[in-house]
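S.K.: Single-letter residue listing:
There are 2 protein chains.
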Amino acid sequence: MTAFSLDPRLTADCEWLADLALCKVLLLKDANYPWLVLVPQVANCKEIIDLSDTQQEQFWRESAAVSRVLQQLFKPDKLNVAALGNMVPQLHIHHIARFKNDISWPKPVWGQHPAKSYDADLLAERSAKIVQLLNL
Amino acid sequence: MTAFSLDPRLTADCEWLADLALCKVLLLKDANYPWLVLVPQVANCKEIIDLSDTQQEQFWRESAAVSRVLQQLFKPDKLNVAALGNMVPQLHIHHIARFKNDISWPKPVWGQHPAKSYDADLLAERSAKIVQLLNL
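Chains B and U, in that order, are what the protein sequence lines are.
Start counting the first sequence at 8; every next residue gets the next number (the working numbering).
Start counting the second sequence at 8; every next residue gets the next number (the working numbering).
Don't read these hints as lab results, they were simulated from the structure.
It cannot be assumed that every hint is accurate.
[As the list claims (entries may be wrong)] List of simulated lysine-lysine pairs, DSS-like, C-alpha gap at most 25 Å:
hint	chain 1	residue 1	chain 2	residue 2
1	B	Lys31	U	Lys82
2	B	Lys107	U	Lys114
3	B	Lys85	U	Lys123
4	B	Lys114	U	Lys85
5	U	Lys53	B	Lys85
6	B	Lys36	U	Lys114
7	U	Lys53	B	Lys107
8	B	Lys53	U	Lys82
9	U	Lys53	U	Lys82
10	U	Lys107	B	Lys53
11	U	Lys123	B	Lys31
12	B	Lys114	U	Lys136
13	B	Lys53	U	Lys123
14	B	Lys31	B	Lys53
15	U	Lys123	B	Lys136
16	B	Lys107	B	Lys136
17	B	Lys85	U	Lys114
18	U	Lys82	B	Lys114
19	U	Lys114	B	Lys53
20	U	Lys107	U	Lys53
Please read all numbers here as calculations on a predicted model, not as lab measurements.
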C-alpha cells in the first residue's frame with residue numbers, strides 16, 4: 008500500500024488551488040484557457056472505475072462543482088471534461104472552459120499549442136476567484 | 008419542450024448498440040479503436056451539469072458500466088473518457104480503449120487519423136460481444 012503523492016509532471020505543470028474531500032484542485036499553468044484539473048487523492052489509481060463506488064460518486068460531485076465554477080466565472084461556449092492519462096497515468100480529469108475564439112477551437116486542446124505563461128497578477132486573481140467560488 | 012432526437016452527425020458516425028435507462032450506447036465506426044459513445048436521451052442537453060443530480064448519478068453509473076465492458080473485452084492500456092462536444096454540442100461522452108501500439112498513442116484520438124472502415128464481420132461480432140457484456 009503506497010500513500011498518495013501527486014505525479015511530478017502534474018506538480019510541475021499546475022498550481023495547487025485547494026483540497027476537496029476527495030480531490031486536489033489544480034490550475035493548469037496555460038493562460039490560453041481557464042483549465043482546472045481534479046486529482047483524487049487515492050494511491051495507485053489509473054481509471055475512474057478504479058475508485059470505489061462511493062469515491063466515484065464523490066468524484067463526480069466535485070467534478071460538477073468545478074464545472075459550475077468555470078461556467079459561472081468564464082461563461083464558456085463549451086466545457087471539455089476529460090480523463091485521458093496516456094502520458095501521466097495517475098488519474099486526473101481535465102475541466103477546460105472553451106470559447107469559439109480560443110486558440111484551438113474547435114479542436115481538443117492537447118498537443119495543439121505550447122502552454123502560454125500566466126501573468127503573475129492574472130494567475131493570482133484567477134486562482135483567488137476560483138477558490139472563493141468553490142465555497143470551501 | 009423539444010423531444011430528444013439523436014444528432015444527425017452522431018447517427019451518421021455511429022452504430023446503435025443499446026438503450027440503457029438513461030443513455031443510448033453507440034459504437035463509433037472507426038476500427039482504429041474500440042470506441043463507445045454514451046448519449047443521455049434528454050433534450051437540449053449540452054453539458055453534464057445540465058443533467059439533474061439524479062440523471063448525473065445514472066449517467067456515471069452507465070459510464071462505469073461501459074468502461075468495465077471495454078476493460079473486460081479489450082484489456083486496454085488506458086481508457087479515455089471525455090465529454091468534449093465542440094463540434095457536436097448534443098451531450099455525448101466518449102469511452103475509448105487505448106493501446107500503446109494504437110495508431111495515435113499517446114495522443115488523444117480526435118483529429119489524428121481518418122476513421123478506418125470496419126469489416127462487416129468484425130463490426131457485428133464486436134457489437135454483439137459488447138451488448139452481451141452490458142447484461143441488458
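S.K.: Now look at each hint and say whether the structure bears it out.
M.R.: Here is how each hint holds up against the structure:
For the hint pairing B/Lys31 with U/Lys82, the CA-to-CA distance comes to about 29 Å; that exceeds 25 Å, so the pair is violated. Between B/Lys107 and U/Lys114 the alpha-carbon distance is near 23 Å, which keeps this suggested pair within the 25 Å criterion. Between B/Lys85 and U/Lys123 the CA atoms are separated by roughly 28 Å; this puts the pair beyond 25 Å, and the hint is violated. A threshold of 25 Å between alpha carbons decides the hint, and for B/Lys114 with U/Lys85 the separation of about 22 Å falls inside it, so the pair holds.
Between the alpha carbons of U/Lys53 and B/Lys85 the distance comes to roughly 8 Å, so the proposed pair stays at or under 25 Å and holds. Between B/Lys36 and U/Lys114 the alpha-carbon distance is near 20 Å, which keeps this suggested pair within the 25 Å criterion. In summary, the hint linking U/Lys53 to B/Lys107 is supported, as the alpha carbons are separated by about 15 Å, within the 25 Å threshold. Note on B/Lys53 and U/Lys82: the hinted pairing holds, with a Cα-Cα distance of about 14 Å set against a maximum of 25 Å.
With a C-alpha separation of about 31 Å, the suggested pairing of U/Lys53 with U/Lys82 is violated against the 25 Å cut-off. Taking the CA atoms of U/Lys107 and B/Lys53, the gap is about 15 Å. The hint holds against a cut of 25 Å. Under the criterion of a C-alpha separation no larger than 25 Å, the hint pairing U/Lys123 with B/Lys31 is inconsistent with the structure, at around 38 Å. Between B/Lys114 and U/Lys136 the alpha-carbon distance is near 32 Å, which puts this suggested pair outside the 25 Å criterion.
Taken as a hint, the B/Lys53 and U/Lys123 pair is broken in the structure, with Cα atoms around 28 Å apart against an allowance of 25 Å. Proposed proximity of B/Lys31 and B/Lys53 is supported: the alpha carbons are some 15 Å apart, at most 25 Å. Among the hinted pairs, U/Lys123 with B/Lys136 is inconsistent with the structure: their alpha-carbon atoms are about 45 Å apart, more than 25 Å. A threshold of 25 Å between alpha carbons decides the hint, and for B/Lys107 with B/Lys136 the separation of about 23 Å falls inside it, so the pair holds.
With a C-alpha separation of about 22 Å, the suggested pairing of B/Lys85 with U/Lys114 holds against the 25 Å cut-off. A hinted pair counts as satisfied when its Cα atoms are at most 25 Å apart, and U/Lys82 with B/Lys114 does not qualify at roughly 28 Å. In summary, the hint linking U/Lys114 to B/Lys53 is supported, as the alpha carbons are separated by about 17 Å, within the 25 Å threshold. Among the hinted pairs, U/Lys107 with U/Lys53 is inconsistent with the structure: their alpha-carbon atoms are about 32 Å apart, more than 25 Å.
Going down the numbered hints, you'll see the structure goes against 1, 3, 9, 11, 12, 13, 15, 18 and 20, while the others check out.
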